[in-house]
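Colleague: These are the residues of each chain, in order.
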Amino acid sequence: GENVEQHPSTLSVQEGDSAVIKCTYSDSASNYFPWYKQELGKGPQLIIDIRSNVGEKKDQRIAVTLNKTAKHFSLHITETQPEDSAVYFCAASTGGFKTIFGAGTRLFVKA
Amino acid sequence: EPEVTQTPSHQVTQMGQEVILRCVPISNHLYFYWYRQILGQKVEFLVSFYNNEISEKSEIFDDQFSVERPDGSNFTLKIRSTKLEDSAMYFCASSAYTSGLDPQYFGPGTRLLVL
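Residue numbers (my numbering), protein chains in the order written: chain G, 7 to 117; chain P, 20 to 134.
You may find that some hints are simply not true.
Negatives, chain G to chain P, calculated, CB over 12 Å [claimed, not checked]:
1) Ser-18
2) Glu-21
3) Asp-23
4) Val-26
5) Thr-30
6) Ser-34
7) Lys-48
8) Ile-68
9) His-78
10) His-82
11) Ser-91
Simulated pairs of lysine-lysine, BS3-like, Cα-Cα distance not exceeding 25 Å [unchecked claim]:
12) P:Lys-61 - P:Lys-97
13) G:Lys-77 - P:Lys-61
14) G:Lys-74 - G:Lys-63
15) G:Lys-104 - P:Lys-61
16) G:Lys-116 - G:Lys-64
17) G:Lys-28 - P:Lys-61
18) G:Lys-104 - G:Lys-28
19) G:Lys-64 - G:Lys-28
20) P:Lys-102 - G:Lys-48
21) G:Lys-77 - G:Lys-43
22) G:Lys-64 - G:Lys-77
23) G:Lys-28 - G:Lys-116
24) G:Lys-43 - G:Lys-63
25) G:Lys-104 - P:Lys-97
26) G:Lys-48 - P:Lys-76
27) G:Lys-104 - G:Lys-77
28) G:Lys-43 - P:Lys-61
29) G:Lys-74 - G:Lys-64
30) G:Lys-104 - P:Lys-76
31) G:Lys-77 - G:Lys-63
32) P:Lys-97 - G:Lys-48
33) G:Lys-28 - G:Lys-43
34) P:Lys-97 - P:Lys-76
35) G:Lys-74 - P:Lys-61
36) G:Lys-48 - P:Lys-61
37) G:Lys-48 - G:Lys-104
38) G:Lys-104 - G:Lys-63
39) G:Lys-28 - G:Lys-74
40) G:Lys-104 - G:Lys-43
Everything labelled a hint here was simulated from the structure, so no lab data went into it. No residue lacks a Cβ here, since even glycine has one placed at the ideal position from N, Cα and C.
Whole structure, please, built from the sequences with the hints as guidance.
Modeller: Shown next, in the form of structure tokens:
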């Protein structure tokens, strides 16, 4: 069945450094890849998404890249701040019905 | 900014009891979803709902689960006879689905504890 693998499970960086989270997906029909940030006790919040017809997308300090051939996509956070500390989930969807989530990456940004 | 709301925030129930979790999706959205997250684990898709019927469901969504849109604003998840393993955080989400690739917006969740 569909699967999304996410690495690393935990990531600790110093404030100001960059953080990179990587995901791979199994269903080649996947064409929409959202990223969610989940803070303690809250629901996942969409932070950025990318569609399969685009290779890269950037929004201020956050960027996503997509390699459809390799079925890889990544989240890049630059100039990390303590408030970036949270659990980040990648996800893949074939068009809106069923979204498959990765296992999550717990990001710690040390001040 | 419009947001998805869910009630109750916490629910404690005895095994075998029925529970109903409620959600109010974003008002102009057309697709509705339920997900669950067991403590410390990934978010798992349960079901999607459009035009008053289920459009897709996962293997988790068995006969003990049902969804309903009883009126123009609420979207509910019913678990008929709860089991210990149903203890989890349940998230409702909605999307506009105007292009088939719309983001889903999640509510704050209901924490269900089955004793």
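Colleague: All the hints need checking, so say for each whether the structure fits it.
Modeller: Structure-based check of all given hints:
no.	hint	result
1	Ser-18	holds (18 Å)
2	Glu-21	holds (26 Å)
3	Asp-23	holds (26 Å)
4	Val-26	holds (20 Å)
5	Thr-30	holds (15 Å)
6	Ser-34	holds (16 Å)
7	Lys-48	violated (6 Å)
8	Ile-68	holds (14 Å)
9	His-78	holds (19 Å)
10	His-82	holds (19 Å)
11	Ser-91	holds (17 Å)
12	P:Lys-61 - P:Lys-97	holds (21 Å)
13	G:Lys-77 - P:Lys-61	holds (20 Å)
14	G:Lys-74 - G:Lys-63	holds (14 Å)
15	G:Lys-104 - P:Lys-61	holds (15 Å)
16	G:Lys-116 - G:Lys-64	holds (24 Å)
17	G:Lys-28 - P:Lys-61	holds (16 Å)
18	G:Lys-104 - G:Lys-28	holds (21 Å)
19	G:Lys-64 - G:Lys-28	holds (16 Å)
20	P:Lys-102 - G:Lys-48	holds (24 Å)
21	G:Lys-77 - G:Lys-43	holds (22 Å)
22	G:Lys-64 - G:Lys-77	holds (19 Å)
23	G:Lys-28 - G:Lys-116	holds (21 Å)
24	G:Lys-43 - G:Lys-63	holds (17 Å)
25	G:Lys-104 - P:Lys-97	holds (20 Å)
26	G:Lys-48 - P:Lys-76	holds (24 Å)
27	G:Lys-104 - G:Lys-77	holds (18 Å)
28	G:Lys-43 - P:Lys-61	holds (12 Å)
29	G:Lys-74 - G:Lys-64	holds (18 Å)
30	G:Lys-104 - P:Lys-76	holds (8 Å)
31	G:Lys-77 - G:Lys-63	holds (16 Å)
32	P:Lys-97 - G:Lys-48	holds (22 Å)
33	G:Lys-28 - G:Lys-43	holds (14 Å)
34	P:Lys-97 - P:Lys-76	holds (14 Å)
35	G:Lys-74 - P:Lys-61	holds (23 Å)
36	G:Lys-48 - P:Lys-61	holds (14 Å)
37	G:Lys-48 - G:Lys-104	holds (21 Å)
38	G:Lys-104 - G:Lys-63	holds (23 Å)
39	G:Lys-28 - G:Lys-74	holds (14 Å)
40	G:Lys-104 - G:Lys-43	holds (19 Å)
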